[in-house]
Amino acid sequence: MTSQDVSHRAKVTLPKTAYGLIAILVLLVVASVTTPGFARVDNIFVVIRAASLTGIVAIGMSYITISGNLFALSASALGALLAVLFALLTAALGFAAGLFLTLGIAVLCGLAQSVAISLIGNPIITTLAFGTVFRGLAALSSGNSILRIESEAALWLGTARPLGIPTQSWAFIIAAILSWFIIRHFKIGREIVLCGANPKAAVASGLRVGLVTAIACAALSIGVAVMAIMTVSQFSQAKADLFMGYDFDYIAAVLVGGIALRGGKGTPLQAALGAVLIALLQNFMLLHGLSAGVRMTIVGLLVIASISLFHILQGRGR
Amino acid sequence: ESKGTVVVFVPSSTNPYIGQFQLGAKEKAAELGYDIKVIENNFNQSEQDSQVQQQLASGETVAGYIWWPFENAAGVGSLRALSQSGAPVIVSNQYPIKGTEAYWTAYAGANDFLSGKTAAEILLDACAKADAKCDKGAIIRFPAGVSAGDDRATGFEDAVKGKLDVIDVVPTAGFLEDEGYKVAAQIIPAHKGELTWLYTQNDSLAGAAAQAARENGLTPGKDIFIVGGTCHGDSKHVKSGEIAGTAIQSGYWEGWMAMQALGKFVVQGKVVDGESYLEGTPDAPPSDADPLYKYNFLPNPAVANSQAAYDAAKLWGKTADQLCNF
Amino acid sequence: MTSETKSNLARLGLMIAVYLILAARIPSYYSQPGIAALLDSAVLAGIIAVGVGLTMIAGEMDLSVGSMAAFAGILSIQLFPYGMVPALVIVVLFCGLLGALQGFCIYKLNISSMVFTIGTLIALRGLTLVASNEKTVLIPFENIAETDFLSAKFFVFSIPSATLLVLVLLVDFFSRRTLWGREIFAIGGGRGEARAAGVSIRRPIIVAFSISAALAGLAGALLSFRTGSASPLGFEAVLLEAVTACLIGGIALAGGRGSILGVLIGLFTIRFLVSGIAALGAPFWMQSLATGALLIFVIIAEAAVGYITRRRRMARALTTA
Amino acid sequence: MLRMSGIVKSYGPTRVLEDVDLAVEAGEVMALMGENGAGKSTLVKILAGIEPADGGTISIDGATVSIRSPGHAQAAGIGYVAQELSIVESLSVAENVFLGDETLGFFRSAASLARRARPYLERVGLDHIDPLSLAEEHSVAERQLVEIARLLSRKARIAILDEPTAALSETEIVRVKAAVRTLAAEGCAIIYVTHRMPEVFDLTQKVTVLRNGKSFPAVETAGLSIGDLIEAMLGRQLGQMFPPRAAHAGEEILRLDACRASGLKAPVSLSLRKGEILALAGQVGSGAGAVLRMLAGVTPIQSGSVTLEGGAYAPSGIAGSIARKVLYCSDDRKRDGIFAVRSVPENLSAPALSAVSRFGLLSPALEGEHVTRIARQFGLGERFLGRLAGNLSGGNQQKVALGKWIGLDPKILLVEEPTRGVDVGARSEIYSHLRKLADEGLSIIFASSDTQEVLGLADRIASFFHGELVRICDADDVTAESLTRDVTRASEAA
Ligand SMILES: Nc1ncnc2c1ncn2[C@@H]1O[C@H](COP(=O)(O)OP(=O)(O)OP(=O)(O)O)[C@@H](O)[C@H]1O
Ligand SMILES: Nc1ncnc2c1ncn2[C@@H]1O[C@H](COP(=O)(O)OP(=O)(O)OP(=O)(O)O)[C@@H](O)[C@H]1O
Ligand SMILES: [Mg+2]
Ligand SMILES: [Mg+2]
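Chains as they are written, first to last, in my numbering: chain A, 1 to 318; chain B, 1 to 326; chain C, 1 to 321; chain D, 1 to 494.
Take these hints with a grain of salt, some might be off.
What the hints assert, rightly or not - The calculated BS3-like cross-link candidates involving lysine-lysine, where the alpha carbons are at most 30 Å apart (straight line), are: (1) Lys136(B) / Lys135(C); (2) Lys334(D) / Lys265(A); (3) Lys153(C) / Lys37(B); (4) Lys135(C) / Lys163(B); (5) Lys265(D) / Lys334(D); (6) Lys98(B) / Lys153(C); (7) Lys187(A) / Lys411(D).
To be verified - Just a sample of chain B residues kept apart from chain A, beta carbon distances all over 10 Å, derived: (8) Glu1; (9) Asp35; (10) Leu124; (11) Ala128; (12) Cys134; (13) Gly162; (14) Asp165; (15) Asp288; (16) Lys294; (17) Thr319.
Unchecked claim - Just a few of them, taken from the derived set where beta-carbon distance is under 7 Å, the chain D residues facing chain C: (18) Ile87; (19) Ser90; (20) Val174.
Since the hints were made in silico from the structure, they are not lab data.
We put the beta carbon where it would ideally sit given N, CA and C, even for glycine.
Chain A with its partners taken away, still in its complex shape (with noise of 0.2 Å):
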């Protein structure tokens, strides 16, 4: 699927990661001159805040283009049945359980995927068709209802602002280090990478294909899981329309963090970057008042000028 020629050439040494942090340095000073009140403190924490959802699922779908199956395009309709089921089950048995359960079915929809993935071979065909059942089944089981919880839990970890910090903000930052700690230092995130890197090669050294599938697949779960938590618990209710087109939103930022769609490369901080680096954008135009048509307009201009310029930087034009 990718049009690149196997070539190898000398690559630029900096850290792609450090691009990322070049261009949001760049555009929080270009911002902050250019706007009255975008530079405050407080406004950066919102711009975090803003990001915090789609970046932890951003994360979790930068392992499945690590992992080398490209990308998930069933996401949000998982969030819309993940977040049905949540509200459902802590009705019925209370938080704890219906956090522990979510969490679980978000895994097993994740594995389902795997093993489709596996079976198939075709990450973005077998995710479009899961995310149809997805939506479905979403629909089906909330009954076309809106689904309320009352749960002191519940609301704690939906509204609550430990040290001043959202635990939207929080669990963003916590899902970027972690995963970018268990990339680089577990030795499942080795073989992650190494079987996005080459998957016949992986499989010749005796890794594990099929649980890196897995679990790139339960990490996306997870993040979209914890997306949808944290949704249904900010306002004590979930719905089947959910999420509806957000996913180009998580691939957009995955790209614009600059990982590389053809997998082996790249760790989920860039994904996590990508994300703020969007929602600073967003906030800037926000703040300028430029309607809706616009800042679409520049969003997309920016994720082609984006992937433009890593490609570049790395040689790979023509």
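For chain A, the structure is supplied; the task is to place chains B, C and D with the ligands on it using the hints.
Okay, now just chains B, C and D with the ligands, sitting in the frame of chain A:
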């Protein structure tokens, strides 16, 4: 004995409001003795257009159509095709576009201009009651390109002209809490000390905005007045007074009255020109014997923002709780 | 019989089975106007699927078609005062040009088109919103009758559905019997191999993307004229339907394999299914579940058949070795 | 006729070609030789328009031409057979013959292409093939011959063949040679890249040697000896290519009793002792590789039994064989031997992740130790450790592909084509490393179609033909002739 089939075109029951609409239409149809068939398109106008084609091609004789276009203006072509079949067409939910009067029998449903106006009244009322000075504020809108959002904004702006200062009209990404929160959480801190009110077009967005306001140290109902104007889902923000108030916009009754309008037309055989705001009586639903007007509007009775007011609110024999929490 | 013919026959069988199962419960599936309506319902996704299918054969994928169609829709309605045919021609040419530009960037950057077109998908949608002033644009109602001829039926065909069928035949011929078409297959089947053999990479990529964009533009313009209006938010769901049609129709995601006629088969398979379930009055999630299940069924069947043929080939290689 | 002069080319900071000259006359076959990574393929790719040159001129018949794309090259009359297969599997054989040929007109039908392709297919001995069948239905060797047919169809004035025979067996090589001779006889100028010495002396009139990106003036083949040639390529004399054999071998470690697997037509029985190097000699498709794949758990053992150190051995999949310390290195390192986009250390520790981690966490200290040990054992210099594996030369890539297994303390190493596409210098290093490992007690089985390699490296030789084991002998009892006879029994029978 069935009096025939009524075909209802709606976006998708994945949206609970539309689920309620279907329920209302179904119950009224059963009462009137019609069969009902609901065709859903999952928020996709071209799909709905081809469903209309398919339906017309089936050659089925139907008692009438209820038409809820996903994209109001984009659905005009299909509306016209339905009208050419000869069966009565009741348009619902999406206020018909000027110039299309020939394509439909009657409109029976909510009035988004009215909804905006009611919201404005609730807001002005709340400001007056609290003796607070409301001037600058913002409208947090439905996604760009959604006509209901345009209509509500127009209704609201007309009603507050000269009284409030609208500084910002910001489209969200959607209709739901999380999408509203994302916008409100960025707008409110950026305009801190400046915003005195927010109109969010529905209560889902309003609840999210109230949360964002609180997180920014503003007390909704004191430092900032927030109104959504259509009760929807979570009533806790209304009952607690965080939202300045709400109005009952019932999907159930909208579907019900669309079906009633069709029944009226079949029985009465005529449409009276002009508009009719159906009376928002607490107990009895409007009679089937009332005349059918070209425009029949669902009442939007306002509900004050207290537990007591909420518990007392009723429309046509159903409580606010039944109508808003689905 | 080649394996490709066999697989196309199997797909045809699947399509007929879906048709018959639903026809048993929906009388209009047998009637002339019913079939005409089914054909009509396939126009949008069909025209777009032909273009997307071509990019998939080239080993790429144009994700921007939905936004492109919406953009074309707005543009064509805005150009309506100049006459429908000129508007259509201008829009299709303009979209084709945009597509060629997109193809050129993808070639020049040597970048994955799925990455690149996610960017253009977002940017074009934004541009569409800007161009439409974030409002649905309409043909004046006094002129709406001028577009009636697009809905008129000749036997079971309308002008749009006839256009779809003609386009399928044309593009199928183009892809099978011309140098440029074969180049698209070649670079999809093996990019590096084709290049080493002297096949230009630039031309087929630009051709595939400009056809895909031009067809998306055509679909958007035709449909908008037929309904007399265009919404800046329209055509969002068409990409998934088009890609699903291609996949069910046997176009390999890896590129190089499949046929445009197969796309037509895949397209009608889902149209029969989705229209049928909607016509039965079932809620939306049933359509969703059924489409997902069909897609999973087809890909699993494909994987199984692929496995068996590989085994056979290996066995044959052993006996002839 | 063709003259390339002062050709310069860099990939990023690495200079691959500096000031290279090359000239070929019509009707002449010119061998282009050099170690792996000398820049041969890069040079011919520039000529074929695949890669742009950074400097230098190319002239044909005295006129300077500019070649910026494969299309330009074709227009200039240059035909090219790439080192890697350039056959599109999903297209028909006929289309592959005419792939990239724009002279046939805009409209084309499958039938007419097939008709036109047939004569060319016949010339390379593929008359039994249906031109309408898909390329993927044919063997690698047949596909390689289709490429030669393409070259013939181009009516090229200058033909480039980059290691065309690397994947072919003797009979097919004969056909390629015949085709090359015909082309030359027709007045075509031919550049022939190869690592196979016999072909050079058999086929070519001149040899141009590349070393470290620099070219040496062409010399007449007739006046050359193998020793001279090797010296020119390496810039030094190659002392002893093969290390001395083992003095003695230990007890039996592995035994196959009447084993069958996919790729084998008759049951195979053989045994292996500790510290022994066993060669499975055979041409492509002989079944030599099939035995290795069976032992590696890639293909299941269909019947018979395998005994490893006295216990039963029936690996289920590759992980099963790795668990028993029976390790397999395939013949296609790009495909499944290395992780091209990851660094050399990451490649070397890939199969040993468990050994270099504690409680699921990678230990940098353990990993570093592991990597340096292998690098030392396999002669991989410090400077390679910072690089991506894909940026190494073929020989070093092969060292990485082989070396990554050493860290696992293997009992048996299975190597398929240990030095395919590896230059003489690296080759001799790899041989001595393998021998050293064997002397330390490792048992090695390798499959190879290179007679010299089999004779030089192995203690014992099992020859294979058409999926059957022909015989097993001590290496001392085998000569080049007897081995060639064993592995090509068909030509005798026919
Ligand atoms: N696309 C590329 N990017 C970076 N370096 C490259 C690329 N292609 C080749 N190289 C490097 O250029 C050098 C010359 O490679 P080339 O393929 O020309 O060698 P060769 O003489 O053909 O070797 P072999 O005998 O293995 O085919 C090698 O060091 C190789 O690693
Ligand atoms: N990975 C594999 N799994 C199953 N069968 C295979 C595999 N690779 C090759 N085969 C089959 O085994 C047969 C012999 O394979 P191949 O042509 O590679 O010869 P070989 O035994 O490897 O000989 P050599 O490597 O010595 O040339 C072929 O018919 C092929 O279909
Ligand atoms: Mg080479
Ligand atoms: Mg082999």
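Practice problem: Compare the distance between the alpha carbons of Lys135(C) and Lys163(B) with 30 Å, and conclude whether the hinted pair is satisfied. | Solution: Judged against 30 Å, a Cα distance of about 27 Å means the pair holds.
Exercise. Answer holds if the nearest beta-carbon of chain C is closer than 7 Å to that of Val174(D); otherwise answer violated.
Key: Because about 19 Å separates Val174(D) from the closest Cβ in chain C, which is outside the 7 Å limit, the hint is violated.
Quiz item: Hey, does Gly162(B) actually stay past 10 Å from chain A on C-beta?
Solution: holds (23 Å)
Exercise. Taking the shortest Cβ-to-Cβ distance between Ala128(B) and chain A, state whether it exceeds 10 Å.
Key: Its Cβ never comes within 10 Å of chain A, the nearest being 29 Å, so this holds.
Quiz item: Within 30 Å, alpha carbon to alpha carbon, are Lys265(D) and Lys334(D)?
Solution: holds (29 Å)
Quiz item: Taking 10 Å as the cut and beta carbons as the points, is Asp165(B) off the interface with chain A?
Solution: holds (15 Å)
Exercise. Have a go at the Ile87(D) hint: is there a Cβ in chain C nearer than 7 Å to its own Cβ?
Key: OK, holds: Ile87(D) within 7 Å of chain C, min 6 Å.
Quiz item: Non-interface claim for Thr319(B): all C-beta distances to chain A beyond 10 Å?
Solution: At about 16 Å from chain A, Thr319(B) clears the 10 Å cut-off, so the statement holds.
Self-check item: 10 Å cut-off, C-beta based - Asp288(B) kept clear of every residue in chain A
Solution: holds (27 Å)
Exercise. For the pair we were handed, Lys98(B) and Lys153(C), check the Cα-Cα distance against 30 Å.
Key: Answer holds: Lys98(B) to Lys153(C) is near 29 Å, not above 30 Å.
Self-check item: Straight-line alpha-carbon gap Lys334(D) to Lys265(A), limit 30 Å
Solution: OK: Lys334(D) and Lys265(A) at ~18 Å, within 30 Å.
Practice problem: Measure nothing beyond the straight line between the CA atoms of Lys136(B) and Lys135(C); if it is 30 Å or shorter, mark the hint as holding. | Solution: The given pair, whose Cα atoms are some 26 Å apart, holds under the 30 Å limit.
Violated hints amount to a single one, hint 20; each of the other numbered hints is respected by the structure.
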